[in-house]
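From first to last, the protein sequence lines are chains A and B. Each residue of the first sequence is one higher than the last, beginning at 20 in my numbering. Each residue of the second sequence is one higher than the last, beginning at 166 in my numbering.
Check the hints yourself; a few may be wrong.
Said to hold, decoys possible - Under 10 Å between C-beta atoms, here's a sample of chain B residues computed to sit facing chain A:
| id | residue |
| --- | --- |
| 1 | L228 |
| 2 | I229 |
| 3 | C232 |
| 4 | Y234 |
| 5 | R248 |
| 6 | R253 |
| 7 | G295 |
| 8 | G341 |
| 9 | E345 |
Unchecked claim - The following label-pair restraints were derived from C-beta to C-beta distances:
| id | chain 1 | residue 1 | chain 2 | residue 2 | range |
| --- | --- | --- | --- | --- | --- |
| 10 | A | E82 | B | N333 | 55 to 61 Å |
| 11 | A | G353 | B | K185 | 30 to 36 Å |
| 12 | B | V296 | A | T616 | 40 to 46 Å |
| 13 | B | E175 | A | K32 | 56 to 62 Å |
| 14 | A | E242 | B | V223 | 28 to 34 Å |
| 15 | A | E242 | B | N333 | 29 to 35 Å |
| 16 | A | I476 | B | N333 | 40 to 46 Å |
| 17 | B | E175 | A | H586 | 44 to 50 Å |
| 18 | B | V296 | A | E82 | 54 to 60 Å |
| 19 | A | A336 | B | P622 | 30 to 36 Å |
| 20 | B | N333 | A | H586 | 50 to 56 Å |
| 21 | B | V554 | A | E296 | 51 to 57 Å |
| 22 | B | V296 | A | S399 | 51 to 57 Å |
| 23 | B | T356 | A | A126 | 56 to 62 Å |
Read the hints as simulated data drawn from the structure, not as lab findings. C-beta: ideal position from N, C-alpha, C; glycine also.
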Amino acid sequence: METTQFLLLDLLKKPEEVSQKASLQSYLAALRRENVTEPVIFIGAGTCGLGAGAGKTLHAVKEFLAEKNLDARIIEVGCIGLCSSEPVMDIQLPGYNRISFEKVDAAKVPDILTGIFQLEVDKTHAMCQFPSIGNQSWEGVPSYMEHPFFKPQSRLVLKNCGIVDPVSIEEYIATGGYQSYLSLIRNKQPLEVCDMIEKSGLRGRGGGGFPTGKKWKFAFHTEAEQKYLICNADEGDPGAFMDRAVIEGDPHRLLEGMAIAAYGIGATKAYVYIRAEYPLAIERLNIALEQAKQYGLLGENIFDSGVNFSIKVKKGAGAFVCGEETALIHSIEGERGMPRPRPPFPAVSGLFHKPTIINNVETLANLPEIIALGVEHFASMGTDNSKGTKVFALSGKIALTGLVEVPMGTTLREVLFTIGGGIANDKKFKAVQIGGPSGGCITEENLDIQIDYESLIKVGAMMGSGGLVVMDEDTCMVDVAKFFMDFIQRESCGKCIPCREGTRRMLEILHTITHKPTDEAKYEPLERIKSVMQLEKLGKVIRETSLCGLGQTAPNPVLSTLRWFRHEYEEHIFDKNCSAGVCTELRTFKIDVEKCTGCMVCARKCPTEAIIGAKKVPHFIIEEKCISCGACADVCKFDAIDIF
Amino acid sequence: MTETMNINLEINNKQVTANKGETILEVCKRLGINIPTLCHIKETFPTGACRMCVVEHVNSGKLITSCSYPVEEGMKIMTHSNRVAESRKVIVELLLSNHPDDCLYCVRNMNCELQTLSADLGVRERRVMGVKNLKNLDHTGASLVRDPAKCILCGRCVDACDRIMGVNAIDFINRGSNAEIAVAFNKGLNTSSCINCGRCIMVCPTGALYEKNHYAQIMEALDNPKKHVVVQYAPSISVTMAEEIGLPAGTDVYGLLNASLRKMGFNTVFDGAFTADLTIMEEGSELIHRLTEGGQLPMFTSCCPAWVKYMEEFAPELLSHLSSAKSPMQMMGAMIKTYWAEKKGLDPHDIYSVGIMPCIAKKFEAQRSEMTRHGMSDVDAVLTTRELVGLLKIYGIDIHSLEPESVDSLMGQRSTAGKIFGAAGGVMEAAVRSAHKLVTGEEMSNLRIEALRGFAPVKRTTVRIGDIDLNIAAVNGLAGVKEIIEEVRSGKSDLHFIEVMACPGGCINGGGQPLTVNEENIRKRMASLYTIDATETIRTSHNNPEIQKIYDEYLGEPLSEKSHHLLHTHYEKRDVLI
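Bound conformation, chain A alone:
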């Protein structure tokens, strides 16, 4: 361990002198596992993998090796991005390409391993292989680069995820890690770094899309004896998990990105504000922090540059609103996580009233690669105003779920249908919700727009953090709006009136529309259509007057579904019908006295005792008690229950 450290430290200290040394080169190649001397088994053990059973798979692998008395190294890697194929297990035998198997639950382990050790590939589970010079390839197994899910992607941020050992700083260094940072602190002034990032065209990946370099300059130009950098890892959008995957799969990339950002703005202290619900990410982040300290990459006078930098991990208690910059700052300060009005902006007066830059995980994780590839290279990717790549989290009714990183400007159709494999179970596509609860839905007619910050806003959605929730024909859009509204009104901090009261009222209106009318007045379609008008009016005021981004974007799911799926609202209101069959509480149930035999089965089944009647006498449903669950209709053998 010590000699390896010295080799790597030499590389970090004087890369020009030593990088061509043959001993170092072969050592780095070994670290990169271009060739291995013993079998290595990789288990995709991110949170998603563990959720799919990777823990059991890992256990089964260990049992198998013990039983067969075989030696092999086991490495727990992060998520490679194809969550629907979890658990993923890779095997690299000496002299052979690393091969990846999908959907490897514990029971499959013995067969797959027995086969591979006899150089036989279980074709039903083989996913792809990673070609490496000098290694033999597996016949009939596509290369990683040819796999339909990975082929169209351009991975900068996710480059190492699922491939490298996340808790090995040596492996990160061997793939070029920390060299971007060190070259900057040796050769560039902080302002030059801000300039470079501004020139690269990188924009905030947390949702707002503010030019990162420009934001840094506000903090750079504010004089203060202390400045702070905060990494916002409070990933809270339902259906977004890219930050978690980056931290679990490649924590050093984030640390290097933070070090670069801190150098640019002149911050010596930084916080990672991370959800406590991400225990694995926190664990790996802490290990990475310790390793970076050991190598002298964090701390005082880093590599004799005179630069100081330290990072603290701060766990958030799981409030969605704490992703908002000023609420997040309050939370770190120990206050209740509530936003405050801006100005002053955090870049001028933020954490402990000091200039503070808050960047999202993905933004920061982009930095090492921007420097390594060159600013121009990064700026050449993407569209005119949105450069580089974007990571999207695919979920919902799509064939392949997981993380996708594509250049800006890729069409949604390509992401959903080429990479994501289209809609699951041959259903029809209805819409995709982009940007989580703050975003909007995009319909078939807009699937061919090129993804960038501006074009999404034009169609009433937003980039957000990049969650893509796919919905098919069985999804009721009013119900979707209700889901997001419910989420937002619960997660609102409760400080400003439009957000706190307004979102609650909007939810109440959506509840009314999706439930059968409870009194005579509400039977009137006019009354019910009034509610929809009210939704639009409230939405406008909430958007315009709320204190923070959470409130300002809170009405988006409703306004967006109203814009594209107004007919579904109208159907709920006028016909009291939900064609997707989701809003079952809209239905009114009545017993046909001609058909009812008085068998009492429905009365016994009714969960709210809403059905009365004596034996052999036609029954009756008390409407006020009925919750429209439909249990009576399901059990009636005489088709005596009419549904309206």
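Once you've looked at the hints, dock chain B against the given chain A.
Quick look at chain B alone, frame taken from chain A:
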């Protein structure tokens, strides 16, 4: 002023100039443009919670909060465009949509900011319907009632409790539409660190916070022929009720107050400033005793009951620094049921003693066990200035038709030193005047101590008394007391005597004063007290003839055994959650 006006902007299509750092709201106020606010209070930083003060920022097309947004060069603002007006209206409608809507029964009917806003913004139709707030009253406090159902969560009370008082008894809990303001662990006020100062009531825009009302008991006593009802009023009362009865702020209504109290049926009327003088005699003597006999120094005043509870909770280890003298109200209460009862030949059980106070913490103080003897409270009920105005209405009294009357004798005469107790710094000024006499045997040449007057949070000065340089301080608003407490704790303080008034400005701005108060009126009240001081002849407590008489006839001398029994007490550490 004009030469620093260096920012040019446009408000409602008119060019205006403003100072750098001013907010849009401040500039508009100066220009006479009225922008509604709900959460804003001047003493603290803007929280931007209510969004009522939004204005249109033409340059960006956004609505921004004028309370928090500083003016910028070239800014164009529209304060009352249709877009702004409609937004404000919808915000009020949202607040009303789940409000209990029981204005007719509400303590703040006709005096409610939400009601006024709703009327001013033209809300005349229920456009937004919501599920009503169903939350229970918190009746557990000694002085305060909280009605969370009427709370609009503007957060003013939280700010006042934190930033003005430094108590933090209340804060927001829960999120979203479940958010509410509560004490720790969402229990009752009785198990909180609340010091009953009532600052929260003073800033509350609705009926969510109000004092515990003592009308019923008092009216019953007034109606009972067997009860002899004695009333005392605090030094500040006569200058703080003017606005409520249609007179210019600060007018001294001393004579009318006496007359109206008798008209309502109070049998005997005493001026609390008399026992303020008595307090000076006792507290001043205690200070000199500590100075000469080597007692705990510095000594803190103990006449503010909110401050006393604060100390019991937050600085119990310093309680030996607190003067043992009771507050003027409690001294009066004790003297009424002993000295005066004896003089009049009354059974103390037949006396019903009422205090009219600028303060709701006095309600708490009156029921403290330290303030009872033989199971009998020295003061039976406390009315705030607000409640007094209400009682005048209940009894149908037109105060302007009355002829001024004077107070009753034995405990009615006061010096102006007792009167200036009502202003922050006044207790200290009065005490120094008498301490000088007690130590040197001579009157101070100039009784006015300018350094103790005014609204600064902490006022410090040194007064030469004989061969002692007396270092004194007056704290005005409890948030300022923290630095002094830290100083005393660390043992580094060179102070001898410290006056603490919980409310900014002192009792003239107490938590029981009328809610229509503003800063200008408080200044007028203070000026009025100092005018009284400047224009009368008896200006020191020790020269009050009735004070001299009470010592001659009954108490003997300050700190005598009788004084000790009746006029002094001691306080103990209080668990914050009990």
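Hints, one by one, checked against the model:
no.: 1; hint: L228; result: 5 Å, holds
no.: 2; hint: I229; result: 8 Å, holds
no.: 3; hint: C232; result: 8 Å, holds
no.: 4; hint: Y234; result: 7 Å, holds
no.: 5; hint: R248; result: 8 Å, holds
no.: 6; hint: R253; result: 9 Å, holds
no.: 7; hint: G295; result: 5 Å, holds
no.: 8; hint: G341; result: 4 Å, holds
no.: 9; hint: E345; result: 8 Å, holds
no.: 10; hint: A:E82 <-> B:N333: 55 to 61 Å; result: 57 Å, holds
no.: 11; hint: A:G353 <-> B:K185: 30 to 36 Å; result: 32 Å, holds
no.: 12; hint: B:V296 <-> A:T616: 40 to 46 Å; result: 41 Å, holds
no.: 13; hint: B:E175 <-> A:K32: 56 to 62 Å; result: 59 Å, holds
no.: 14; hint: A:E242 <-> B:V223: 28 to 34 Å; result: 32 Å, holds
no.: 15; hint: A:E242 <-> B:N333: 29 to 35 Å; result: 33 Å, holds
no.: 16; hint: A:I476 <-> B:N333: 40 to 46 Å; result: 42 Å, holds
no.: 17; hint: B:E175 <-> A:H586: 44 to 50 Å; result: 45 Å, holds
no.: 18; hint: B:V296 <-> A:E82: 54 to 60 Å; result: 56 Å, holds
no.: 19; hint: A:A336 <-> B:P622: 30 to 36 Å; result: 35 Å, holds
no.: 20; hint: B:N333 <-> A:H586: 50 to 56 Å; result: 53 Å, holds
no.: 21; hint: B:V554 <-> A:E296: 51 to 57 Å; result: 55 Å, holds
no.: 22; hint: B:V296 <-> A:S399: 51 to 57 Å; result: 55 Å, holds
no.: 23; hint: B:T356 <-> A:A126: 56 to 62 Å; result: 57 Å, holds
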